[in-house]
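Q: Taken in sequence, the protein lines are chains A and B. Residue 139 in the working numbering sits at position 139 of the first sequence, and the numbers go up by one each step. Residue 278 in the working numbering sits at position 138 of the second sequence, and the numbers go up by one each step.
These are calculated hints, taken from the structure and not from any lab test. There's no promise every hint is true.
Claimed, not checked - From the structure, some residues in chain B lie toward chain A, with a derived Cβ separation under 7 angstroms:
hint, residue
1, THR193
2, ILE195
3, ILE197
4, GLU218
5, LEU221
6, HIS248
7, ASP250
8, LEU251
9, LEU252
The C-beta atom is built at its ideal place from N, Cα and C for all residues, glycine as well.
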Amino acid sequence: MNAVVIGCGRVGSAVAKGLAADGWEVTVLDESEDALSRLGPSWRGGFVIGHGMDAKVLERAGIAEADAAVVATSGDNTNVVIGQVLQRRYGTRTVVVRVLDPARAKFYAERGLNTVCPTQTAISVLLETVQASAPAPQAT
Amino acid sequence: MYVVVAGGGKVGANVTRSLVEMGHEITLIEERPDRFARLEEEFGPAVLRGDATEISILERAGIARPPELLLAVTGDDEDNLVISQIGKEGYRVPKAIARVNDPRNQSHFDLLGIKQTVCATTSILGLVEHEVPEHGLVRLLQLPEEGLEIVEVQIEPKSPVAGSRVGGLTLPEGSRLISVFRHGRTELVEPSTVMRPGDQVLAVVSDDSAPALRKALLGASRA
Numbered sequence: 001m002n003a004v005v006i007g008c009g010r011v012g013s014a015v016a017k018g019l020a021a022d023g024w025e026v027t028v029l030d031e032s033e034d035a036l037s038r039l040g041p042s043w044r045g046g047f048v049i050g051h052g053m054d055a056k057v058l059e060r061a062g063i064a065e066a067d068a069a070v071v072a073t074s075g076d077n078t079n080v081v082i083g084q085v086l087q088r089r090y091g092t093r094t095v096v097v098r099v100l101d102p103a104r105a106k107f108y109a110e111r112g113l114n115t116v117c118p119t120q121t122a123i124s125v126l127l128e129t130v131q132a133s134a135p136a137p138q139a140t
Numbered sequence: 141m142y143v144v145v146a147g148g149g150k151v152g153a154n155v156t157r158s159l160v161e162m163g164h165e166i167t168l169i170e171e172r173p174d175r176f177a178r179l180e181e182e183f184g185p186a187v188l189r190g191d192a193t194e195i196s197i198l199e200r201a202g203i204a205r206p207p208e209l210l211l212a213v214t215g216d217d218e219d220n221l222v223i224s225q226i227g228k229e230g231y232r233v234p235k236a237i238a239r240v241n242d243p244r245n246q247s248h249f250d251l252l253g254i255k256q257t258v259c260a261t262t263s264i265l266g267l268v269e270h271e272v273p274e275h276g277l278v279r280l281l282q283l284p285e286e287g288l289e290i291v292e293v294q295i296e297p298k299s300p301v302a303g304s305r306v307g308g309l310t311l312p313e314g315s316r317l318i319s320v321f322r323h324g325r326t327e328l329v330e331p332s333t334v335m336r337p338g339d340q341v342l343a344v345v346s347d348d349s350a351p352a353l354r355k356a357l358l359g360a361s362r363a
């Protein structure tokens, strides 16, 4: 199974290493060559330098044969655009897109994009943690 | 008409100025503090500070009314795509026009259903080709909603139609000749018009028939 990870920051690099450990053939794509160091010295997967909006770069990363793609660059708008391009142009079966803004994550989720919103997750977990561990204030 | 303009750089500011002069109601959204301060000085409360790709900012700009027209003219293509999609799909804005900064991103706008786009680079290249007619066929104007474009072809001495009457030509399906420019004058094309080398022919073509028309007028040898 082939996976392409677009954006090799803290999230993208860790997801790439996790998928590789599970036996996926992973190619990572990032604008900066420096991002390769996040994958560690033992990285055996692919690495392509370029922008995920560039069709040639995507194709060099093997997007046409990919079973799954994770889109986690630092830009929400870049991520939702790339995610839609992968779905519609390349028909990538599984596309997961990181979107930090909860409102945009919801908007695109309602339109068929598989969005993951760490901000919303943090809000929910923080709220639930306080609710579970502290007594609710008395209603006045 | 109510217009929301996203992005207050050179394009957004100048478009806003013209639309205000024409008497339209505008909200201009700009995120950068320095630009916002300058724009607010000129346009007053019509300028809103914020990120136009945030749904709450678009709502404060009145996207839910909705505006008759949304102009996504920031310097970032992904932002312009997202602004257009939120306006068109989320709030049923009847018309959105997006600026394409990098012509390589044009296919993404087409793919994601943003049909009305403007790209300065592509326009300039079109004008350059217009000045250098040896390129064969020049795309002058695209009408994506109608699936038509207006093109110009310069007839050459070797072209297969030189010396022929228009009425006797077999032109590709989906194309019509409009006019001929020769000796500094434009004439509408009639069946009796004879094509001559040096003629600049305007034609309207549907979707993908431009290459076929070029072949019909200039022959197959051209790239």
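Q: Are the hints correct? Go through all of them and say.
A: Verification of the supplied hints:
{"no.": "1", "hint": "THR193", "result": "5 angstroms, holds"}
{"no.": "2", "hint": "ILE195", "result": "4 angstroms, holds"}
{"no.": "3", "hint": "ILE197", "result": "10 angstroms, violated"}
{"no.": "4", "hint": "GLU218", "result": "4 angstroms, holds"}
{"no.": "5", "hint": "LEU221", "result": "5 angstroms, holds"}
{"no.": "6", "hint": "HIS248", "result": "6 angstroms, holds"}
{"no.": "7", "hint": "ASP250", "result": "10 angstroms, violated"}
{"no.": "8", "hint": "LEU251", "result": "6 angstroms, holds"}
{"no.": "9", "hint": "LEU252", "result": "6 angstroms, holds"}
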